[in-house]
Amino acid sequence: KAGVTQTPRYLIKTRGQQVTLSCSPISGHRSVSWYQQTPGQGLQFLFEYFSETQRNKGNFPGRFSGRQFSNSRSEMNVSTLELGDSALYLCASSPLRTNYGYTFGSGTRLTVV
Amino acid sequence: AQKITQTQPGMFVQEKEAVTLDCTYDTSDPSYGLFWYKQPSSGEMIFLIYQGSYDQQNATEGRYSLNFQKARKSANLVISASQLGDSAMYFCAMREGEGNTPLVFGKGTRLSVIA
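As given, the protein sequences belong to chains A and B, one line each in that order. So the mapping is simple: my numbering equals the position in the first sequence, first residue as 1, plus 4. So the mapping is simple: my numbering equals the position in the second sequence, first residue as 1, plus 9.
If you're looking for bench data, these hints aren't it; they were derived computationally from the structure. Backbone N, C-alpha and C fix where the C-beta goes; we use that ideal spot for every residue, glycine too. Check before you lean on any hint, since a few could be wrong.
In silico lysine to aspartate or glutamate, EDC-like type, Cα no more than 20 angstroms apart, as pairs [stated by the list, open to error]: (1) A:K61 - B:E105; (2) B:K79 - B:D95; (3) B:K82 - B:D35; (4) B:K82 - B:D38; (5) B:K79 - B:D35; (6) A:K61 - B:D64.
Computed, partial: chain B to chain A, Cβ under 7 angstroms [unchecked claim]: (7) D35; (8) P39; (9) G52; (10) M54; (11) F114; (12) K116.
The following block holds chain B by itself, in its conformation from the complex:
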């Protein structure tokens, strides 16, 4: 079964607007971490934001926030005030358990920011 599902292969957003990228996950482990990465055309995976399963508040990092709905098993990324440089692939990932288990990635969403 797929552990991370990103249902939007591609998204367009107007510059300066906000955009939400969807991510749902599947795990039976009560302890897990959720991550979002950005991958520009250069190929490097850039860490954006992290949410722990026990965190009470939604994570925020600058223009990035994570809308964490635990009961629905969803961890959507919200990018506010989109910039042209935000155009990239965005990946949601999960790590289960307390130890150093591997990250499992979704298929990604390609975001295109339009001027």
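Chain A extracted, bound-state conformation:
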């Protein structure tokens, strides 16, 4: 069965631009979560969507937003990019209730120059 698919894999953007990242969860998984990974801060939770509704939100500025579509695919958007937004953005999906955490995608590596 197909895993979690994130596109694009790599992205280079300029400060001030905006970017949209995409995540397709495992078929049947209705929960999608996003994490930001940087060398300094490690893995930090951004937000989680379930059935098109944001269920949890991490401590990130409003420039970071997301949404989920009816087919469970999710997008996250970062507006007015800053150099510090350079990171690996990981998406993870899970069924409604699971004891096995989340299945992660390979991530999108965003570089802001």
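Please arrange chain B on chain A, whose structure you already have, making use of the hints.
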């Protein structure tokens, strides 16, 4: 306060030897889950093993076992018979409560397996 602490930034192990990666956690919720993930250089987080707070026995998955000491709030990962392909970052994570709360990760341990 940090909820997940991994005190070993880096570890080396000889091929075919066993290695223990340390993880301590902090929570006041009686219900929680502990996870270990492996992250190779490709970036994908690979689920390894899960331990629930009410589980009586230590979890095992193939060469991976979790040494769960509830009173000490520790959940160390033991990898037996290390292989070169085990070289990666390893993250301990926790989810509190019964619902779908976010995973909280530790800073990770970089494991290098030497031939």
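Right, here's what the structure says about each hint:
| no. | hint | in the structure |
| --- | --- | --- |
| 1 | A:K61 - B:E105 | holds, 15 angstroms |
| 2 | B:K79 - B:D95 | violated, 27 angstroms |
| 3 | B:K82 - B:D35 | holds, 7 angstroms |
| 4 | B:K82 - B:D38 | holds, 12 angstroms |
| 5 | B:K79 - B:D35 | holds, 11 angstroms |
| 6 | A:K61 - B:D64 | violated, 29 angstroms |
| 7 | D35 | violated, 16 angstroms |
| 8 | P39 | violated, 16 angstroms |
| 9 | G52 | holds, 4 angstroms |
| 10 | M54 | holds, 4 angstroms |
| 11 | F114 | holds, 4 angstroms |
| 12 | K116 | holds, 5 angstroms |
In summary, the numbered hints that this structure violates are 2, 6, 7, 8.
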